[in-house]
Amino acid sequence: MFDNAKAITSTLGQERDEFVRDDFLPVVWSLVAQGASVEEATDATQQAMIVACQKWPHPSPHAFVRLVAKRVFIDATRKARTARKLHERLSSLYDRTPAPAADTKAIFDAETTYVHGLLAQLPKRQREVMVHTMEGLSAEEIADLTGQNFATVRSNLRHARIKLKHLIRIRKE
Amino acid sequence: MDHDEMPELDELLARTRVSALASLTEHIDVEHHLEIIRRACTADQDEKAAAPTTTPP
Chain W
1 MFDNAKAITS TLGQERDEFV RDDFLPVVWS LVAQGASVEE ATDATQQAMI VACQKWPHPS
61 PHAFVRLVAK RVFIDATRKA RTARKLHERL SSLYDRTPAP AADTKAIFDA ETTYVHGLLA
121 QLPKRQREVM VHTMEGLSAE EIADLTGQNF ATVRSNLRHA RIKLKHLIRI RKE
Chain G
1 MDHDEMPELD ELLARTRVSA LASLTEHIDV EHHLEIIRRA CTADQDEKAA APTTTPP
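Top to bottom, those sequences are chains W and G. Each residue of the first sequence is one higher than the one before, starting from 1 at the first, in this note's numbering. Each residue of the second sequence is one higher than the one before, starting from 1 at the first, in this note's numbering.
Be aware that a few hints might be false.
[To be verified] Straight line, CA to CA, 30 Å or less: simulated DSBU-like cross-link-like pairs of lysine-lysine: (1) W:70 with W:165; (2) W:105 with G:48; (3) W:105 with W:163; (4) G:48 with W:55; (5) W:124 with W:172; (6) W:105 with W:124.
[Said to hold, decoys possible] Between beta-carbon pairs, the in silico distance windows are: (7) G:42 with W:111: 35 to 45 Å; (8) G:42 with W:60: 19 to 29 Å; (9) G:45 with W:167: 28 to 38 Å; (10) W:159 with G:22: 21 to 31 Å; (11) G:11 with W:120: 15 to 25 Å; (12) G:32 with W:79: 36 to 46 Å; (13) G:39 with W:59: 33 to 43 Å; (14) G:26 with W:14: 18 to 28 Å.
These are calculated hints, taken from the structure and not from any lab test. All C-beta atoms, glycine included, are put in the ideal place defined by N, C-alpha and C.
Pulled out of the complex, with its shape left as it was, chain W reads as follows (with noise of 0.2 Å):
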């Protein structure tokens, strides 16, 4: 009975596992594609994988980490914007300049670098698709997950697709 016990918790601790290893980079990478750091999407995703492995097995991991780790992101965000102002008020005060952005061109090349500021230019929902579409997911996946009905998924899909396409247009003239 206890070895069975320990056998299944040790099966179990094999999937989280696997689950970390193969969903932290692309979770990071969704997070970075709609507009965070590294730093900040490598925390949250670190964050969101504690919740779901305290909760492990999960029915869904995958869309569960997502929504943990973008809700942390959100959170962390207005935290640091709170700071950011309170940072900025001093600096005029001592007369210092805010401290500078994390530098993501370090780590991506030229062409990502070049696809995560298309991206930056889409509105909030259609690049939130755009990036979970690119990620493999479903316009139901991204509707359960994004809390958008269906229809407004497509739709945002479309309106991303054709904003994309103009914006590489016009590079190209």
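Keeping the supplied structure of chain W fixed, place chain G upon it in accordance with the hints.
Just chain G now, with coordinates in the frame of chain W:
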């Protein structure tokens, strides 16, 4: 959807994700984060196991 209109867009987007993940692989030590996650989960399990039960015997 108009996927056929601009296949270069799909190729570019697919290439970007692969390339971005390759770059992240070089910069992020996933095994290090996995160890932190494992420890956090073990600590959580230990805490739950040590917590007194509220249900009557």
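Cross-check of the supplied hints:
1. Annotation: proposed proximity of residue 70 (chain W) to residue 165 (chain W) holds, straight-line Cα distance about 27 Å (limit 30 Å).
2. Restraint check: the Cα-Cα separation between residue 105 (chain W) and residue 48 (chain G) comes to about 43 Å, which exceeds 30 Å; the hinted pair is violated.
3. Annotation: proposed proximity of residue 105 (chain W) to residue 163 (chain W) holds, straight-line Cα distance about 23 Å (limit 30 Å).
4. A hinted pair counts as satisfied when its Cα atoms are at most 30 Å apart, and residue 48 (chain G) with residue 55 (chain W) qualifies at roughly 12 Å.
5. At most 30 Å may separate the alpha-carbon atoms for a hinted pair to count; residue 124 (chain W) and residue 172 (chain W) meet this at roughly 25 Å.
6. For the hint pairing residue 105 (chain W) with residue 124 (chain W), the CA-to-CA distance comes to about 21 Å; that is within 30 Å, so the pair holds.
7. For residue 42 (chain G) paired with residue 111 (chain W), a C-beta distance near 41 Å keeps the hint of 35 to 45 Å intact.
8. Hint check: residue 42 (chain G) to residue 60 (chain W), Cβ distance near 24 Å, so the stated range 19 to 29 Å holds.
9. Range check, residue 45 (chain G) to residue 167 (chain W): about 49 Å between beta-carbon atoms, so the 28 to 38 Å window is missed.
10. Distance hint check: the CB atoms of residue 159 (chain W) and residue 22 (chain G) are about 29 Å apart, consistent with the given range 21 to 31 Å.
11. Residue 11 (chain G) and residue 120 (chain W) have their C-beta atoms about 20 Å apart, which keeps the hinted 15 to 25 Å range intact.
12. The hinted range of 36 to 46 Å is not satisfied by residue 32 (chain G) and residue 79 (chain W), whose Cβ atoms lie roughly 25 Å apart.
13. In this structure the supplied range 33 to 43 Å is violated for residue 39 (chain G) paired with residue 59 (chain W), their Cβ-Cβ distance being about 25 Å.
14. Checked against the hint of 18 to 28 Å, the pair residue 26 (chain G) and residue 14 (chain W) passes, with Cβ atoms roughly 26 Å apart.
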